[in-house]
Amino acid sequence: EAQVTQNPRYLITVTGKKLTVTCSQNMNHEYMSWYRQDPGLGLRQIYYSMNVEVTDKGDVPEGYKVSRKEKRNFPLILESPSPNQTSLYFCASSRQGATNEKLFFGSGTQLSVL
Amino acid sequence: AQKVTQAQTEISVVEKEDVTLDCVYETRDTTYYLFWYKQPPSGELVFLIRRNSFDEQNEISGRYSWNFQKSTSSFNFTITASQVVDSAVYFCALSSGTGNQFYFGTGTSLTVIP
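In order, the protein sequence lines correspond to chains A and B.
Numbered per the working numbering, the first sequence spans residues 1 to 114.
Numbered per the working numbering, the second sequence spans residues 1 to 114.
If you are wondering where the hints come from, they were derived from the structure by calculation, not from laboratory data.
Be aware that a few hints might be false.
[Said to hold, decoys possible] SDA-like, lysine to any residue: derived pairs with alpha carbons at most 25 Å apart:
#1 102(A) / 64(B)
#2 102(A) / 16(B)
#3 57(A) / 30(B)
#4 102(A) / 43(B)
#5 38(B) / 7(A)
#6 70(B) / 5(B)
#7 16(B) / 109(B)
[To be verified] Covered, in the sense of this in silico footprint (three residues per stretch, anywhere, with C-beta under 8 Å from a C-beta of chain B), are these stretches of chain A:
#8 41-48
#9 51-63
Predicted model only: the values in this text are computed from it and were never measured.
All C-beta atoms in this analysis are idealised placements derived from N, C-alpha and C, irrespective of residue type, glycine included.
With the sequences and hints as input, model every part of the structure.
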């Protein structure tokens, strides 16, 4: 089954403790991206990747890192999480390295930073 | 600058009523793409439609229809004879034909009352 898999589904952590949210897709998609969803703000793009080893900042990259060492994986790293990073996070991918294709989304990761 | 505005934060309708969700976008690009996504209470994001800037034809899919008007920079979504299963948050999104980012509106929460 074609899908984008995010883990974990729920995560509670404390301020400053490094964490990684994993994202993997099995569709051989070139484009992958991360979003955070906050009440009243909709979805905002954090980082995106056009292909392996090609990543770039979205609208809200501060406090986040990403890497794209393999085509299928695009982990989101929070080196020193803070409470304002409490949010619902979505990973997404699309077929080509351009934004004219629809996004396939993962199931989301609800992160709480205490 | 790219921007998507969904002015309706919450809408409630009684089942079988028609409802229109508004989406207004801003872009300087001549080539761009517009999308609608649905987020039911279960939380996943489901693709509904993609439209490119050169195709102003309205689209109908069952009870769903979309009206794209470049003159008013709008891409509105109408649900005819609404059903309880239509209750969800609906997001409008924009991507540039030359850029690599997606821009989402803040979403409209639709509640269909039985």
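Coverage criterion applied to the segment 41-48 of chain A (partner chain B; beta-carbon cut 8 Å; 3 residues): holds (count 6)
Given hint residue 16(B) paired with residue 102(A) - CA-CA distance at most 25 Å: The hint is violated at about 29 Å.
25 Å Cα cutoff - pair residue 102(A), residue 43(B): Satisfied, since the Cα-Cα distance of roughly 18 Å is no more than 25 Å.
Given pair status - residue 64(B), residue 102(A), alpha carbons within 25 Å: 18 Å, holds
Satisfaction of hint between residue 30(B) and residue 57(A), Cα-Cα up to 25 Å: 23 Å, holds
Given pair status - residue 5(B), residue 70(B), alpha carbons within 25 Å: 15 Å, holds
25 Å Cα cutoff - pair residue 16(B), residue 109(B): Cα-Cα ~17 Å, so holds.
Given coverage of the segment 51-63 of chain A by chain B, tested with a Cβ cutoff of 8 Å and a minimum of 3 residues: It holds: at least three residues are needed, and the segment 51-63 of chain A offers 3 whose Cβ sits within less than 8 Å of chain B.
Given hint residue 7(A) paired with residue 38(B) - CA-CA distance at most 25 Å: It holds: about 22 Å lies between the C-alpha atoms, which stays within 25 Å.
In this structure, the one hint that does not hold is number 2.
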